[in-house]
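Peer 1: Here are the chains, one letter per residue:
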Amino acid sequence: MTATTTGVRVKKPARKRAQHKRAIAFFVTPFAVLFSLFYLLPIGYAIRQSLMVVEREGTFGAPTEVFGGLSQYAQVFQDNDFVSSLGRMFLFGIVQVPIMLGLALLFALLLDSPLLRGKRFFRLAFFVPYAVPGVIAAIMWGNLFSPNLSPFTDLTSSVDFLGADLVLWSIANVVTWVFVGYNMLIIYSSLLSIPAETYEAARMDGAGQFRIAWSIKIPLIRPALALTAVFSIIGTLQLLAEPQVFQSFSSAVTSTFTPNMAVYATASIPNSNLAAAMSVVLALVTFVLSFSFLKFTQRKEARS
Amino acid sequence: MKHTKTAAAAAVALLSSVTLAACSSSDDSVAGGACEPAGENVTLEFTSWIPGIEGVVDLWNAENPDIQVKVQTGPNGNGGTYKNFFNQIEAGNAPDLGQIEYDALPNFLVQDGLEDIGNCEEVMAAKDDFVDWTWSQVTLGTESSVYGVPQDSGPMALFYRKDLFEENNIPVPTTWAEYADAAAQVKDAGGYITNFSQSDINQFAGFVWQAGGSWFSTEGDAWDVTLDSPESVQVADYWQDLLDKDLVSTVPAWTDEWNNAYNSGDAWTWVSAVWGANSIASGAPDTAGKWAVAPAPQWTEGGTDAGNWGGSSIAVLKGSDHKYEAAKFALWLNTSDESLTALNEAANIYPATKEGLNLPVLKEGVEFYGDQAIYDVFKDASSQVVPDFTWGPTMTQVYADVSDGFKNAVSGSGTLASALADGNASTIAALEAQAIPVAGE
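Just so you know, the protein sequences line up as chains A and B, in that order. 160 is the number that my numbering gives to position 160 of the first sequence; each next residue is one higher, with no gaps. 283 is the number that my numbering gives to position 283 of the second sequence; each next residue is one higher, with no gaps.
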């Protein structure tokens, strides 16, 4: 809530502040109510659920929930499937995020360079995959990869894109295809905000296009790159739709392939307490990773 | 600004106490309510996923102005409706009646989601109307409790491509040994005898059922988990052998690719339930007239055992205030000729009652199967289903875990039998995680 109110911190004489308080309350209340109802409350409920365990008596005894401390969390870390799904996503993120952002940066720099013709067309062309819903994109790529249904059966019947070895990277391909354009646009809009004088100065100093891109553009858009990286880290850990769709094409995608799928499978048992604990752990991992990444890039920035 | 903050904090505190109170209200449920008429007009809520169920319910509503049924449709059970039921039960506002497959009933019972309708006289009186084994699916091993009214069943038989078997002079297998021989001949002719379902474990469970195995049983107050029973392992080894020899295909079930395998003549047979007749007709339209149905292959020569795949009941969900009326409607829906005929016309529902198997619509030849009267085969199978198969209280988890193991086995790591052993261990862990007592632990 503090984030929304910092913008209105303007120095005013004390007697006028009383009126402002009402105005602030008026503007903040709708947000505060919705924020609490649909954000804080569910989080609080999930945490509460994750601290409970079920007790019952006999074969068909009715369940009662009692406080169980951190025992659900102990189970989460003993759950090999969940832990290995996290490991799988680390691997996925370390490979896929740099490739995706590298491509996005390259495309954004190309769009921004004076060398390229038909910028409007390419800007739209790169962005169009993002307009395709992730599920549809996964179905489309699943069909392309399928050994029997693909239009390129010569290739797909000799290379098993949907087998245990490659399926993770086939999914990475789908995610990259969908999100390159989106990240490109964020980076591109940040490039547009660089004042033209900077380039003029660079040219006067004799810098070519490559030099400008490397030494001026990239350092100046570092905040945009950090932002897209954080989004991508979060997106990777939350991966759900694409692998779930791929289940209908590939036997190698298990029900606990990603952390979110493991949560989903556990909630379906239904064991909502364990699922809640898994969700909390996943949220903490996401939080720690994205914040340590931000700190890391900020420190680097301060040093340079 | 401080005021706003405190106000917001107060609002949060207030809201959370309201919600938490709402959540805990489900604890004070009344155990085993009486089964008595309300004595006034009631409206029942009913959730189902049968296509065309609205039309069948309209028949009831027209004749019963005092008991009106409001039907709501959703995705099939494991596709989302069960999840909704569990959430609604926890929130204390479940519909009065819900469609629940036999394999999910124990799960709903341990989650305290079902009303026992065993004390409704009319329900108990209808016991003998139902095919015996379907009745034991809803009593869950108890004497006097009934947790749902059986609706349909899925006795299994062998669907096969009559034309291809005849062209290649391959005899239609009557035992599993012959089936394996036929598989080699089919492979030589350029096809696969069938597709092994590694993603839908229900078919495999049906095979185990036919072999006389069971995955669960109750021992006193505790559950006995036997996913890796000798019968189960026998079935697993059999299919592992076919997989090792590359005699069966392994595309994930219920996908375009799977339909394509049947439509293009890649897969020649399917040991499936009665409702599978529809799946083939809709998934493989180009093969119309080329299929026939024979009794399922047997483990012993001359045997007459059938497995079952699927089938559901109509259960009265926890918290219903109108148990009597709900049970009355469920009985009408699943026993009256009027309703069973309408259900069969709307969605090919294969009745769970003895009388229902003689419906005129189930005596006719079916065009897609070269006018063979295929339901005669299934009627025999229905009476041959082994009666003692018991489902466990966490089938969703069992299916997911065994399917994960089977998928690995199909991709080359591990075997079907080791997947069953792993599934056995993870099932025991899942039961213990929910404090469900396990025998021998």
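None of these hints come from the bench; they were simulated from the model. Hints may be right or wrong, so weigh each one.
Stated by the list, open to error - Residues on chain A that point at chain B, a partial pick, calculated with CB under 7 Å:
#: 1; residue: 51
#: 2; residue: 52
#: 3; residue: 56
#: 4; residue: 71
#: 5; residue: 146
#: 6; residue: 148
#: 7; residue: 151
#: 8; residue: 152
#: 9; residue: 195
#: 10; residue: 198
#: 11; residue: 252
#: 12; residue: 269
This structure is a prediction, so every number in the text was calculated from the model and none was measured. Using N, Cα and C, we set each Cβ at its ideal position, and we do this for glycine too.
Peer 1: In ascending order, which of the hints set out earlier in this document are inconsistent with the structure?
Peer 2: 1, 2, 4, 7, 8, 9, 10
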